[in-house]
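Novice: Chain V: place on chain R using the hints.
Protein chains: 2
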Amino acid sequence: MISEKMRPLVENNSVIRIMFEEGNRLAAIYGRENVFDFSLGNPNVPAPQEVEDSIREILDEEESTFVHGYMSNSGYEDVRATIADSLNRRFGTSFHQGNILMTVGAASGLNIILKTLLNPEDEVIVFAPYFLEYNNYVRNYDGKIVIISPNTVDFQPNLDEFAEKITAKTKAVIINTPNNPSGVVYSDATLTRMAEILTEKEAEFGTKIVLLSDEPYRELAYDGVEVPYVTKYYANTVVCYSYSKSLSLPGERIGYLVIPDELDSSEEVFTAATIANRVMGSVNAPSLMQRVVKKCIEKGAEVNLAAYDRNRNRLYEGLLSCGFSCIRPQGAFYLFLKSPEPDEKAFCEKAQKYNLLLVPGSSFACPGYVRIAYCVSYEQIERSMPAFEKLAAEYGLKG
Amino acid sequence: MISEKMRPLVENNSVIRIMFEEGNRLAAIYGRENVFDFSLGNPNVPAPQEVEDSIREILDEEESTFVHGYMSNSGYEDVRATIADSLNRRFGTSFHQGNILMTVGAASGLNIILKTLLNPEDEVIVFAPYFLEYNNYVRNYDGKIVIISPNTVDFQPNLDEFAEKITAKTKAVIINTPNNPSGVVYSDATLTRMAEILTEKEAEFGTKIVLLSDEPYRELAYDGVEVPYVTKYYANTVVCYSYSKSLSLPGERIGYLVIPDELDSSEEVFTAATIANRVMGSVNAPSLMQRVVKKCIEKGAEVNLAAYDRNRNRLYEGLLSCGFSCIRPQGAFYLFLKSPEPDEKAFCEKAQKYNLLLVPGSSFACPGYVRIAYCVSYEQIERSMPAFEKLAAEYGLKG
Numbered sequence: 001m002i003s004e005k006m007r008p009l010v011e012n013n014s015v016i017r018i019m020f021e022e023g024n025r026l027a028a029i030y031g032r033e034n035v036f037d038f039s040l041g042n043p044n045v046p047a048p049q050e051v052e053d054s055i056r057e058i059l060d061e062e063e064s065t066f067v068h069g070y071m072s073n074s075g076y077e078d079v080r081a082t083i084a085d086s087l088n089r090r091f092g093t094s095f096h097q098g099n100i101l102m103t104v105g106a107a108s109g110l111n112i113i114l115k116t117l118l119n120p121e122d123e124v125i126v127f128a129p130y131f132l133e134y135n136n137y138v139r140n141y142d143g144k145i146v147i148i149s150p151n152t153v154d155f156q157p158n159l160d161e162f163a164e165k166i167t168a169k170t171k172a173v174i175i176n177t178p179n180n181p182s183g184v185v186y187s188d189a190t191l192t193r194m195a196e197i198l199t200e201k202e203a204e205f206g207t208k209i210v211l212l213s214d215e216p217y218r219e220l221a222y223d224g225v226e227v228p229y230v231t232k233y234y235a236n237t238v239v240c241y242s243y244s245k246s247l248s249l250p251g252e253r254i255g256y257l258v259i260p261d262e263l264d265s266s267e268e269v270f271t272a273a274t275i276a277n278r279v280m281g282s283v284n285a286p287s288l289m290q291r292v293v294k295k296c297i298e299k300g301a302e303v304n305l306a307a308y309d310r311n312r313n314r315l316y317e318g319l320l321s322c323g324f325s326c327i328r329p330q331g332a333f334y335l336f337l338k339s340p341e342p343d344e345k346a347f348c349e350k351a352q353k354y355n356l357l358l359v360p361g362s363s364f365a366c367p368g369y370v371r372i373a374y375c376v377s378y379e380q381i382e383r384s385m386p387a388f389e390k391l392a393a394e395y396g397l398k399g
Numbered sequence: 001m002i003s004e005k006m007r008p009l010v011e012n013n014s015v016i017r018i019m020f021e022e023g024n025r026l027a028a029i030y031g032r033e034n035v036f037d038f039s040l041g042n043p044n045v046p047a048p049q050e051v052e053d054s055i056r057e058i059l060d061e062e063e064s065t066f067v068h069g070y071m072s073n074s075g076y077e078d079v080r081a082t083i084a085d086s087l088n089r090r091f092g093t094s095f096h097q098g099n100i101l102m103t104v105g106a107a108s109g110l111n112i113i114l115k116t117l118l119n120p121e122d123e124v125i126v127f128a129p130y131f132l133e134y135n136n137y138v139r140n141y142d143g144k145i146v147i148i149s150p151n152t153v154d155f156q157p158n159l160d161e162f163a164e165k166i167t168a169k170t171k172a173v174i175i176n177t178p179n180n181p182s183g184v185v186y187s188d189a190t191l192t193r194m195a196e197i198l199t200e201k202e203a204e205f206g207t208k209i210v211l212l213s214d215e216p217y218r219e220l221a222y223d224g225v226e227v228p229y230v231t232k233y234y235a236n237t238v239v240c241y242s243y244s245k246s247l248s249l250p251g252e253r254i255g256y257l258v259i260p261d262e263l264d265s266s267e268e269v270f271t272a273a274t275i276a277n278r279v280m281g282s283v284n285a286p287s288l289m290q291r292v293v294k295k296c297i298e299k300g301a302e303v304n305l306a307a308y309d310r311n312r313n314r315l316y317e318g319l320l321s322c323g324f325s326c327i328r329p330q331g332a333f334y335l336f337l338k339s340p341e342p343d344e345k346a347f348c349e350k351a352q353k354y355n356l357l358l359v360p361g362s363s364f365a366c367p368g369y370v371r372i373a374y375c376v377s378y379e380q381i382e383r384s385m386p387a388f389e390k391l392a393a394e395y396g397l398k399g
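Residue numbers (the numbering used here), protein chains in the order written: chain R, 1 to 399; chain V, 1 to 399.
Chain R extracted, bound-state conformation (with noise of 0.2 Å):
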């Protein structure tokens, strides 16, 4: 019954899917709270109370009719506005309203902008550790993923590969910083050596080479450090936000694209996108989270970092004391544990003995590697540590 373009997928269901519902069934068999649980994404930590008081003077001020009705299918106009503003502000940008264009989350943000992109057979390049999912949205428009290898020695992107890899088919290249799974920030020499790379291929080849940067992580960054804005450094950029980790609304599925005035043919590209947003089913992006949105920004509403800082840290450390290394995190909420042995998958399952739920790193293109996600609880990271070192002494680590 079903697509031959569905078929692989519904095979292949989702790992870190099939790991949430071991949880359950381990839960249900230990109790919830001796269930160590790091398999999934989902934010733990509450949207900032300014959430929920903009909705609440939402509903006062507005009328239904413009609160839960349709407006342009590129997201309303202020709303819009108040984001390039709030660009601008923190990044020195010169983004206005046209620039922006809200999407259900980052996910239909970045399908939105490969349907605009992308003919059969253009070549999409990624780097390892990279969200598998990106595979299935290159898949959907016919693309082709081109993997950049991993380089492990500090999780910055192998870009001498990428300068060898990249052809005259390669329209696109998706990077994601903070970083999915390996919490890492790629650097200003990164993305200014990445920019010239992409310059001098774009003459080379006579092409024209969109350079996606996908940020549900940006305001998630720690120790200070500074995520630099992507279109900075490279003009034909379009950038992929969303709100789920810095409002914690990922079940609203808001977000927006930034299509830079610099970017080759930007009007065309925005339009493009827009009639995409329609013709794909989303039409708009949902109409209060917008409004949610821009009151958000008004009031300065920030997520509570210092809950995930707590988290990173207690976990990094614990990690290196029961003998485990790992590359110290610097934004997300992941932290990218190196496997005591090659075979990654072997690893987990032994951890799963001790009802520790890890994601193995070939869900990223990255084997030798699992990810532990730390937005759980700081309770479950203190319970969690006498279940690791019983995992390390099984492999004969030490402290």
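These aren't lab readings, by the way, just hints derived from the structure by calculation. Keep in mind that the hints are not guaranteed to be accurate.
Output of the computed footprint for chain V on chain R, the stretches with three or more beta carbons under 8 Å from beta carbons of chain V [said to hold, decoys possible]:
id	region
1	61 to 68
2	127 to 139
3	272 to 285
Calculated cross-link-like contacts (lysine-lysine; reagent style DSSO-like; alpha-carbon spacing at most 27 Å) [claimed, not checked]:
id	chain 1	residue 1	chain 2	residue 2
4	R	Lys-169	R	Lys-201
5	V	Lys-398	V	Lys-345
6	R	Lys-295	V	Lys-295
7	V	Lys-208	V	Lys-169
8	V	Lys-338	V	Lys-350
9	R	Lys-144	V	Lys-338
Small disclaimer: the values here were computed from a predicted structure and weren't measured. Don't be surprised by glycine CBs; every beta carbon is placed ideally from N, CA and C.
Specialist: Frame of chain R, contents of chain V only:
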């Protein structure tokens, strides 16, 4: 820069949208109250009070991480169960939560099920007059639209031509009842015969043909007319529903698919559609609005149908007394007027001289007619009547 597939869409940007901009232009010149914009299907009736009440209650009662968080890609289980129960009570069906998939409105639901079903070159049959956006939805998955010509006697679908045009490549049929733009409700006799034809043709070709029932106007039916529930006529039916009109929430993008147990390979189709919801980037339907839908069903919330009905009667009687002719609409909020000259685009241009904005039937594959959307204020209808009279006089029509 943009893809080949997007190019024609950018070139032929929606006529309805251009009309919307023309409305704004005229309003700037003549004042909003002197422009009679009947072009857009944007509900003017406010959401029922239960929507606002439900939002406030949910904020009072529930945790932020639950209300705004991720859930299963198919939606909250309790919301889906409530919807299934409500359908069962009203239509004598036997759905359960496993048949309901929450979507980002009906447009996204249609996209999801088309992605689930279509292989390239598969044919999808539609009945003129129809919402031309279906063409874009079908092309998203490289399917081919097959149009059945309109039956302008009573605007029930032309079933003889339908039977002739079904081929071994026919994968789906889209119907929309109550219909946009005709306002007609497909009758029991129509659906009975349609189901017979589909069953015969499935047997003849050894194929499965899925009937997609796009039902955003289901609750907008007048004069006590019954809108038959399509799954009761034909097993291979999927219903695409939206709360855009029944709760006046078009901007919120909240709806669902019904994938009945009776559908061939029902579980596989449900799983594939859930994955399609994820990989196309919707991920899930907006979470707060899912919760609102549940409460609104429990409270028995209904849109103010009497307001639309009053508009319908005033407009219908008014147009008839001008000498225009049209079928009396039974549902939705559209009236499909016969153009007094064969070229209905020329008629729309003449109407525009009187600040009347109507949509040509060509935009619904039905030239010779025009769509008048009466989801506007009663006052607009009242005030527009002298303009319609002058327009009728220009054609020498008599009441």
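Novice: Count residues of the region 61 to 68 of chain R with a Cβ under 8 Å from any Cβ of chain V, then say if the count reaches three.
Specialist: holds (count 5)
Novice: Within a Cα-Cα threshold of 27 Å, do Lys-208/V and Lys-169/V meet the stated pairing?
Specialist: holds (10 Å)
Novice: Does Lys-169/R pair with Lys-201/R here, judged by a C-alpha cut-off of 27 Å?
Specialist: Within the cut-off at roughly 11 Å; holds.
Novice: Do at least three Cβ atoms from the region 272 to 285 of chain R come closer than 8 Å to Cβ atoms of chain V?
Specialist: holds (count 11)
Novice: Taking 27 Å as the top limit, are the C-alpha atoms of Lys-398/V and Lys-345/V close enough?
Specialist: holds (22 Å)
Novice: For the pair supplied as a hint, Lys-295/R and Lys-295/V, is the alpha-carbon distance within the 27 Å limit?
Specialist: Within the cut-off at roughly 26 Å; holds.
Novice: Check whether the Cα positions of Lys-338/V and Lys-350/V lie no farther apart than 27 Å.
Specialist: holds (14 Å)
Novice: Are the Cα positions of Lys-144/R and Lys-338/V separated by 27 Å at most?
Specialist: violated (49 Å)
Novice: For the region 127 to 139 of chain R, count the residues whose Cβ lies under 8 Å from any Cβ of chain V; is that count three or more?
Specialist: Since 3 is at least three, the answer is holds.
Of the numbered hints listed earlier, the single one contradicted by the structure is hint 9.
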